[in-house]
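Residue-level listing of the chains:
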Amino acid sequence: MAAGFKTVEPLEYYRRFLKENCRPDGRELGEFRTTTVNIGSISTADGSALVKLGNTTIVCGVKAEFAAPPLDAPDRGYVVPNVDLPPLCSSRFRTGPPGEEAQVASQFIADVIENSQIIKKEDLCISPGKLAWVLYCDLICLDYDGNILDACTFALLAALKNVQLPEVTINEETALAEVNLKKKSYLNVRTTPVATSFAVFDDTLLIVDPTGEEEHLSTGTLTIVMDEEGKLCCLHKPGGSGLTGAKLQDCMSRAVTRHKEVNKLLDEVIQSMKHK
Amino acid sequence: MPGDHRRIRGPEESQPPQLYAADEDETPAARDPTRLRPVYARAGLLSQAKGSAYLEAGGTKVLCAVSGPRQAEGGERGGGPAGAGGEAPAALRGRLLCDFRRAPFSGRRRRAPQGGGEERELGLALQEALEPAVRLGRYPRAQLEVSALLLEDGGSALAAALTAAALALADAGVEMYDLVVGCGLSLTPGPSPTWLLDPTRLEEEHSAAGLTVALMPVLNQVAGLLGSGEGGQTESWTDAVRLGLEGCQRLYPVLQQCLVRAARRRSAAAPS
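Just so you know, the protein sequences line up as chains A and B, in that order.
Be aware that the first sequence starts at 1, since it is given in the numbering used here, and climbs by one per residue.
Be aware that the second sequence starts at 1001, since it is given in the numbering used here, and climbs by one per residue.
FYI, nobody ran anything at the bench for these hints, they're computed from the structure.
Hints are supplied without guarantee of correctness; some may be wrong.
Here are some chain B residues pointing at chain A (derived, C-beta under 10 Å) [stated by the list, open to error]: (1) L1046; (2) L1063; (3) E1118; (4) Q1143; (5) A1148; (6) L1149; (7) N1220.
Covered stretches of chain B, as calculated for chain A (at least 3 residues, CB under 8 Å) [what the hints assert, rightly or not]: (8) 1047-1057; (9) 1093-1105.
Pairs of lysine-lysine residues, derived as DSS-like cross-links and limited to a Cα-Cα distance of at most 25 Å, are as follows [said to hold, decoys possible]: (10) A/K121 x A/K231; (11) A/K52 x B/K1050; (12) A/K264 x A/K120; (13) A/K52 x A/K184; (14) A/K274 x A/K184; (15) A/K231 x B/K1050.
Positions of the beta carbon are idealized from the N, C-alpha and C atoms, including for glycine.
Work out the full structure: start from the sequences and follow the hints.
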């Protein structure tokens, strides 16, 4: 009977739960789904990570290649993110060029990389004006159940921490690069940006980590990206219902606690990898 | 990519560091030509797809999802052998749309996410191999969408994708005559060529010819065959096909186990 009511009046069904300050899957309003992360499983990629936030699954693979630095910034490399939402992850996506949602997600990740300075592009330069690294970060969604921005940011962070670049020296006589694939070193990941997403219900109620259905029923969404010093890197609020300043402050404090949770999880995983 | 304004712009062109590395002479080690790598298969893992399967064989990791049946989009979409022939039978049969894509980080070199002709060819090969097994007559005017994603290419990618796609279709509850099991083979170059079953990526790179066979194990019928390269004598190709079919039969019990486990999990999770 509950399933019938849910199909006919999904919003009312949700409101009944929200009145009791909980959600249909048993979570509190401020509680995240179970987060699991798996690092370094794809050996063809230079760095990889798989993140599961409840059912939402994102895999991130980083490939490093050589390129000439941009003309207007000869001492910098490139970091090129790309979020792919294939028809595999949800029936609403079709094959073909990236749709609106994928483009928005790619731009969001590019903004996070730029604003948080997670990798300093100067670190990627090998020889100014001649050779630099370009990191292609490809994020593929395997299962779309809401809140992909959080999962994407986490996957990107975990994958970048896993990237190992081979040592490159420029031979003075031939002016060619010489790569030593045996000697690899980790990237210098300077900050740890962590995203926290919220959905707004009925213009007033805020819930954390919305699932696919909750996103569909919400009247607005908000994503806050914080780094470890409690500094705001990025705030993404694409339209939707307005929020008061006080509510925004609550969200930011929730984002700070989420940052600690994620950081702890990531440190545990990296430690366990090092012990192997 | 210069013209692609839907993706974040990177440099115009880039080269992989392997081009500048000291030449490592990696030749594949000799091994038993009939060895199959241990396979891990799991069905029913994606929440949003009707049916899904994940297959891992050595270094090859493939994920496949099935959605539908959905109302077929009219017009000249995709095409396939069903277009020709009589009007009524073709219109009433269901359609199978297969999409094969490689993740950009799945091979040695990064591939552009758009893919190209090779992926379309493999998608068509998937469709041709899966059609004999699916009872499309039971889904009139409908289409089933199968999408395979190759996360890591460790050799015999098409074979793994075929097997994963068949598992995903079975997991989705699509009516089938039989499962389809795929097996890859490659021919070693040189003076005494031998056919190797289930080649690794290194063996495929150093091979003179490659072959993928798809078998329906219970009906013992070949569903698909795709091969290319310099093979030599015709007898060696027939031997290769026989070897491949044996490999498929050996793989079948693992897949049966996987589907039984998935069905048990599904019935345990169902409320009633």
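Each hint, compared with the structure:
With its C-beta approaching chain A no nearer than about 5 Å, B/L1046 sits inside the 10 Å limit, and its interface hint holds. At about 6 Å, the closest approach between the beta carbon of B/L1063 and any beta carbon in chain A falls short of 10 Å, and the interface hint on this residue holds. For B/E1118, the shortest C-beta to C-beta distance to chain A is roughly 15 Å, which exceeds 10 Å, and the interface hint is violated. Of the supplied interface hints, the one on B/Q1143 is violated, with its beta-carbon coming no nearer than about 12 Å to a beta-carbon of chain A, more than 10 Å.
Against a cut-off of 10 Å between C-beta atoms, the interface hint on B/A1148 holds, since the closest Cβ of chain A lies about 8 Å away. A cut of 10 Å between beta carbons decides the hint on B/L1149: the least distance to chain A is about 6 Å, and the hint holds. Proximity of B/N1220 to chain A is violated relative to the hint, the smallest CB-CB distance being about 31 Å (cut-off 10 Å). With a cut-off of 8 Å between beta carbons, the segment 1047-1057 of chain B has 3 residues touching chain A; three or more are needed, and the interface restraint holds.
With 5 residues having a Cβ less than 8 Å from any Cβ of chain A, the segment 1093-1105 of chain B passes the three-residue criterion, so the hint holds. Under the criterion of a C-alpha separation no larger than 25 Å, the hint pairing A/K121 with A/K231 is consistent with the structure, at around 20 Å. For the given pair, A/K52 sits about 19 Å from B/K1050 by alpha-carbon distance, which is consistent with the 25 Å threshold. Proximity of A/K264 to A/K120 is assessed by CA-CA distance (about 23 Å); at most 25 Å being required, the pair is judged to hold.
A C-alpha spacing of about 28 Å is found between A/K52 and A/K184, which places the hinted pair above 25 Å, so the restraint is violated. Straight-line distance between C-alpha atoms of A/K274 and A/K184 comes to about 15 Å, which keeps the hinted pair within the 25 Å bound. Taking the CA atoms of A/K231 and B/K1050, the gap is about 42 Å. The hint is violated against a cut of 25 Å.
Violation of the numbered hints given earlier is confined to hints 3, 4, 7, 13 and 15; the remaining hints are satisfied by the structure.
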